[in-house]
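Trainee: Each of the two chains sits in its own frame; use the hints to bring them together as a complex.
Chains A and B, in that order, are what the protein sequence lines are. Position 40 of the first sequence, counted from 1, bears residue number 40 in the numbering used here, the numbering being contiguous throughout. Numbering-wise, the numbering used here comes out as the position in the second sequence, counting from 1, plus 1000.
Among the hints, erroneous ones may be present.
Derived DEER-like restraints, expressed as beta-carbon distance ranges [said to hold, decoys possible]:
{"hint": "1", "chain 1": "B", "residue 1": "V1084", "chain 2": "A", "residue 2": "Y30", "range": "47 to 53 Å"}
{"hint": "2", "chain 1": "A", "residue 1": "I44", "chain 2": "B", "residue 2": "I1045", "range": "28 to 34 Å"}
{"hint": "3", "chain 1": "A", "residue 1": "I2", "chain 2": "B", "residue 2": "I1207", "range": "46 to 52 Å"}
Just some of the chain B residues that point at chain A, by a computed CB distance under 7 Å [unchecked claim]:
{"hint": "4", "residue": "L1038"}
{"hint": "5", "residue": "T1050"}
{"hint": "6", "residue": "Y1053"}
{"hint": "7", "residue": "W1060"}
{"hint": "8", "residue": "K1071"}
{"hint": "9", "residue": "A1155"}
{"hint": "10", "residue": "I1207"}
{"hint": "11", "residue": "V1213"}
{"hint": "12", "residue": "T1231"}
{"hint": "13", "residue": "P1235"}
{"hint": "14", "residue": "E1241"}
{"hint": "15", "residue": "R1242"}
Bear in mind the hints are in silico, worked out from the structure with no lab data behind them. As the structure is a computational prediction, the values presented were derived from the model and not from experiment. By construction, the Cβ of each residue, glycine as well, lies at the ideal position given by its N, Cα and C atoms.
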Amino acid sequence: MIFPFVWRVLPGPVALKVLELLVLLAVIVYALFTWVFPWIAADILPPPDGTVDVSPSP
Amino acid sequence: MTAHDTVETRGSSRPDDDSRPPRRPRRRQTVGGALVALLAELLIIAGAGTGLYVAWTAWWTDVVAVNEQTKLVDDLGQRAAPKVEGSEHRGEAPVLAEPPDLTAVFGTMQIPRFGADYLRPIGEGTDRERVLNTIGLGHYQDTAMPGAEGNFAVAGHRVTYGKPLNQIAELKTDDAIVVRVTDEATDFDVWYVYKVTDSQIVTPDKIETIAPVPNQPGVTPTADDRWLTLTACHPMWSAKERYVTHAKLDYWMPASEGTPKELSETPK
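Chain B extracted, bound-state conformation (with noise of 0.2 Å):
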């Protein structure tokens, strides 16, 4: 900034001093040069403010949201499943009742495509702030709950905020998406394991994809209708799009009796 110390007019107090290497004349400051000094000043904290926020919105949301996600999940009070291979069930599924309130939390999902130590809280809701900024995942208010007839429809960031669904472009048809379901209170615990059907690219006002039946609005959803249906931006960084991707049930389990295979399993 040595342009900058011409500024200073205290100038003749320095002695001469003939062993000095020659000085280079000072030039004199114009109102002009000042105020362009200024704005190169204000420029660079621009650029740097601008660079902070990038920071700060593409990882310290994150930073901040997996240490909290992490702390719900732990609150949750999971306990450990067997590590044996329970049975299989595909009849009637126990379903607990949607939580009347917003941001309660009321289980976990993990998606082994995401990696082997996926595992995200869901919570009441899609408020931003209050659900998808700090639980992360959040559960579409009135659609259906995990294992009941309907789907069970599920909002998460692809950037920012720990970043739930930023892989979601990476399941593949059989995939499994499994979701677990505690109510500590009731000694409520089960497994549900979804096979993912199709995904889709739409505009963001196409609220059929979380419809009962996925795509059919209207249609009164049957006992072959428990679907799980996630959303998330499309394509990444803008608001443009939703990336949707359906799952339907394939089989649930009570949490006692074992651990779903597909969570040891590496997908192909």
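Next comes chain A alone, as it looks inside the complex (with noise of 0.2 Å):
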């Protein structure tokens, strides 16, 4: 399973691998703010903006 799996390719002793599994947390979530969640706001579920426009507005 997926997180067995991670935790057995991780190397290194129990303190190392804690470690490096936060920084990879850290790393997925930059990820994810910088350009996932970007991405999903503009092109799939836009935020309502607050204008009024005669095109339906999302």
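Mentor: Pasting the structure below:
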């Protein structure tokens, strides 16, 4: 499964594994906040923008 | 995650040791069980991702946008206006020409009802990505500029991206909306003090709310029709309707003469 697999492939003793896991999570969150979520907000789920418009507003 | 330990099949390497407490017998991992475990993990990941997305929308976009908006106000180069009550001019007002460029920041807005430290830049246009999500308040292109006859119409997010109009529903009749238009190149620096007249909740297609004379499309504005209109979404987090607030110019004042008294008063 995914979680045990990740835990297995991380090298080093348990303390190091924990540290690596935290770094990995930080990288994932950074990537989501910087690229993935802005893309979702812009192209998939635009939040309401508060303008009045003749075109149907999302 | 002890259940997953059973996936490992290298089992027999551990020597039997009677001093250890008896271990529970290993359960055999079936294909169905493995699929359920995988599904559980995917659901956990999806849940965490959704939670992070909500955190990003409701919190992180605000952090980024407020940062950016503070910087934009600084870049505008508005000098501290004299701390005196200048005279309130009520005649024909000086009006800056509408900036031709989308995203040009030409002024700031202060609304005492939103707090004494509420100070946001106003950008040209209502482009979602380039104006509303970054600059915050966006001037509907081709509507009047501040002080001019007609309707200075401004849109802003009610939630997320710095939420400049988060408290729009708290505005009351006669609340001040203070706009300051600054153009360093031409030494233009003027306050415009508008007073709230009314608010309405409409569907998003009601463009007559930002007509030169609000809600009277086709009517030519007179010297008495110097309006300001704010539009934001309603209800919060929804795009179903718009919360629209109208205000009328009370007076204007060159920034070199003083500071509008409304900025030092606490709204009742």
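Trainee: Please go over all the hints and tell whether each is borne out by the structure.
Mentor: Structure-based check of each hint:
Our hint of 47 to 53 Å for V1084 (chain B) and Y30 (chain A) holds, since their Cβ atoms are close to 49 Å apart. One distance hint, 28 to 34 Å for the beta-carbon pair I44 (chain A) and I1045 (chain B), is violated here, with the actual separation near 18 Å. A hinted range of 46 to 52 Å holds for the C-beta pair I2 (chain A) and I1207 (chain B), which are about 50 Å apart. Because the smallest distance between the Cβ of L1038 (chain B) and any Cβ of chain A comes to about 6 Å, under 7 Å, the interface hint for this residue holds.
At about 11 Å, the closest approach between the beta carbon of T1050 (chain B) and any beta carbon in chain A exceeds 7 Å, and the interface hint on this residue is violated. The restraint placing Y1053 (chain B) at the interface with chain A holds, with a minimum CB-CB distance near 6 Å, inside the 7 Å limit. A hinted interface residue such as W1060 (chain B) counts as satisfied when its beta carbon comes closer than 7 Å to some beta carbon of chain A; here the least separation is about 6 Å, so the hint holds. At a threshold of 7 Å, the smallest CB-CB gap from K1071 (chain B) to chain A is about 19 Å, leaving the interface hint violated.
Because the closest C-beta pair between A1155 (chain B) and chain A is about 4 Å apart, less than 7 Å, the hint holds. Restraint check, I1207 (chain B) versus chain A: the minimum CB separation of about 5 Å is within 7 Å; hint holds. Interface restraint check for V1213 (chain B): the shortest CB-CB distance to chain A comes to about 16 Å, outside 7 Å, so the restraint is violated. Because the smallest distance between the Cβ of T1231 (chain B) and any Cβ of chain A comes to about 5 Å, under 7 Å, the interface hint for this residue holds.
A least Cβ separation of about 10 Å between P1235 (chain B) and chain A goes past the 7 Å threshold, and the interface hint is therefore violated. A cut of 7 Å between beta carbons decides the hint on E1241 (chain B): the least distance to chain A is about 10 Å, and the hint is violated. Among the interface hints, the one on R1242 (chain B) holds; its C-beta lies about 5 Å from the nearest C-beta in chain A, closer than the 7 Å criterion.
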